[in-house]
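Participant: Each chain, written out:
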Amino acid sequence: MATTTTLFDLKKLKHARTARFGDPEPMDTEPWVPAFTIDGMSFFYDDFQALHDLTLTLPTKRVTGLIGPSGCGKSTFLRTLNRMYETVPKAYMTGTVRFGEVSISDFSPTILRRRVGMVFQKPSPFPKSIFDNIAYGLRVNNLCRKRDLEDKVVECLQRAVLWEEVKDKLHEPAFSLSGGQQQRLCIARALAVDPDVLLLDEPCSALDPIATAKIEDLIFDLRRSCTIIIVTHNMLQAARISDYVGFFLQGELIEFDAAKKMFQFPSNKLTEDYITGRFG
Amino acid sequence: MSKPYPPTYKKVINVVMLTLTGIAALLVVSVLLFILGYLVWNGARSLNLNFFTKLPVPVGEKGGGMANAILGTVKLLTLASAIGVPIGLLGGIYLAEFGKGPFSFAVRYTTDLLNGVPSIVIGIFVYSLIVLPKLHPSLLARLFPSYFGHFSTFAGGVALGIMMIPIALRSTDDFLRAVPNTLREGGLALGASKAQTIVTVIIPAAMHGIVTGIMLDVARVAGETAPLLFTAFGNVFWSHGWNGPTASLPVVIFNYAISPYTDWHRQAWAAGFVLLSGIFLTNIVARLLVSGKGSRSRSYRLRIPMAALDLFSGKRSRVRS
Amino acid sequence: MMGVKDAGEKLSLMARLKKGDEVAYLITFASALSIILVTCLLVEHLWVDSALSRQAFGWKFLATSTWDPVTDVYGALPFIYGTVLTAFLALVWGVPVGIGAAIFLAELAPRRVSNVLTFMIELLAAVPSVIYGLLGIFVMLPILTKYVVPVIQKLFGFLPIFKGEFYGVSYFSASCVLAIMIVPFIVSISREVLLAVPQAQREAMMALGATKWDVTWKSVVPYAQRGMIGSVFLALARALGETMAVTMVIGNVPQIRASLFAPGYTIAAVIANEFTEASGNLYISALIELALVLFAVTMIINALARLLMLGMKSQEGGH
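Chains as they are written, first to last, in numbering that gives the first Met the number 0: chain X, 0 to 279; chain B, 0 to 320; chain P, 0 to 318.
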């Protein structure tokens, strides 16, 4: 894969799935296994209801995109999946969310978060070295032996397609990397603990188009080994990389369907309005 | 047609007032330089090896020193840090990471209150608590009777330790809160518990600020005299252990300065020089530590909150004696 | 079933990790609580130990001016007078100099010069009281005796506040030392407050053709005045509680005299001087009552100062 990508090389990107509607595409043959089953879930910040009665299932080993205008609750929804909302006081959830067969409230939060990783909007590596950033999750969860640590870190960096760029400076501070590299570092850091699911909260919104393209490539590479749920305000990005898409509006799920179908033949008028740019 | 420029009298006032302010600033700075200069001149002249190694000798004899006072100050500061730093640090962690609501407000208010208490009042408090022999001793006094009921290094250390708590707490609180929330979320999202995140990510990120705060805290408390007057009291001999009265640099300076003997005055200058050098050095190192960091990130670039800045300019300082 | 691993390892690991969190919470909470406990203990001890004196003298304690250990009659008035007078005078000398210097550093001096000078002034704040006292005795008193006081007495000797023999130690000397001690605080807080004034305030006036001084005095300073007044209050609280430097230059005589050049006493100074030699429960109790009075006064003034500063911060936020 090219180490530098110009805007005009977008076509060379491996996934090269620009929204060319009408292209024949092989049917999705892999069986659908739910990663998350959400049933009647509502979410409240104190008195304010942010999410209204959501019911959907999120498939494993796919990329699910969540789209919608600002403030529609997609980030809030993402944070309920790994119970990150618990850091906010007076926030609570009703209804059930199951990770696999088990309700997420039956998990210890730390175990849940290990298996459902998250990458945030603003790249925020720890003020440590690159190596220590990746190794953090491993060390804190006691996931591998000391002598395997280095191998594991290398493996994660390779998986995040960052290895080539940082292999000479593993022990330099993470801040010495560019924004896009820092975000890939955060993804690598999340991958280190071997999550089943990776939640991405607008990971490219703070990045330039080239860095964005690299991360989209990365998501494409990862999707068969890891379930990915990505929140994005960029509809075209969702169209490029998602297998399934959910459209949120003002705390409600308007539509959830395969990406191809949603973008070409949306069932709901609101979805169509949003996609065609009537609002948003 | 009105003149576009300010009238002459205003221009005159302008120059006069601005010059006056410049004079004021110069005055203040020259006081500092004068203090330093005088102390260095008088104090360094009087320093000799005896000062650091010998005990005080009776008036009239030569060759006395302040070795016991130096050791006393070291012991007192060690004990004070052992008391003040953990409580301040842990309390600060509570306020920054766990606390919300009325209890936190109460803690912050009380800390500010304690900070504003004149140090002599703290001395009286510790005297009443530890030094005064009581008819009905407290539980602690019954468990450790040798430390209670008389002047002691222990009492002095407790007094200084109590004075250290507010600043250590405030500094920890401010610097921890300056660490961005994204780091906390990042740690939690990787499966670390809250405590683990605090210990392995947040505190290291705020570390240089916290250390600086503690250094300044110790430097401030090192010069305190009044609380020691009724707790550690003083001693012309070595003080062994922790439960006897001990000499300390500030108290010795005080006693020697008000005495009628010139040799003691000379020694007071020397001691003042030593004490002030230590305090100034600590201050300068600490402030350089904080201002220098952040451009090239070995550690996180922290926007030092205004409240924390108060620390370094002494606004949160104790009412010293 | 494919995809999601079983949700095993729930409770034992959960318990262990949770333990980390609970323990951390408890320890830190206990530390925070201990501060409140210590402060309560402090107030309690002061209150209880001064009970003897409070019962013996009641409120008259604050108004009587006898202080006689021999007959066991104690009144706080000389000390209150001395404390208030020296602090007030310290403000009179210190505030103009402090605010003037702050204005210079914030508005006039180029940034780097300002930073260096401020650093040095803030170092002054770190000088211990006893060293100020040392310099007070051996440097300031001779200067005052030889140069300053004779001039004042020649010019204004007819005024009652400047009458009388000057022996060096006096209210006046103490207030001079105190002034030097509080100036760094006034300077650094005021400077910060002035720097925080938005540039727009200055520009608005400058565009009207005002002189630099006009801009500063009529626009910037009023905006920052709450913070500056707060700094004065904080300085006042400090001055009231200062012990060592004051006791070394004030003369330690419990009397109320009109002349500034007479020796005097402050609350903190009398406690420092007489406490260790005090015998008799009433004597000690009276001294502790003085400590209680000092505590109360500084607490009130500090609270006022912080209220003012809080008001300042919200005013900033509002803009």
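Among the hints, erroneous ones may be present.
30 Å max Cα-Cα, derived DSS-like pairs, lysine-lysine [to be verified]: (1) K145/P - K10/B; (2) K60/X - K121/X; (3) K153/P - K10/B; (4) K9/B - K121/X; (5) K166/X - K151/X; (6) K211/P - K9/B.
Derived by calculation from the structure, the hints in this document are not laboratory data.
Participant: All hints are to be evaluated individually against the structure, with a verdict given for each.
Facilitator: Now the hints, each set against the structure:
{"no.": "1", "hint": "K145/P - K10/B", "in the structure": "violated (38 Å)"}
{"no.": "2", "hint": "K60/X - K121/X", "in the structure": "holds (25 Å)"}
{"no.": "3", "hint": "K153/P - K10/B", "in the structure": "violated (35 Å)"}
{"no.": "4", "hint": "K9/B - K121/X", "in the structure": "violated (53 Å)"}
{"no.": "5", "hint": "K166/X - K151/X", "in the structure": "holds (13 Å)"}
{"no.": "6", "hint": "K211/P - K9/B", "in the structure": "holds (10 Å)"}
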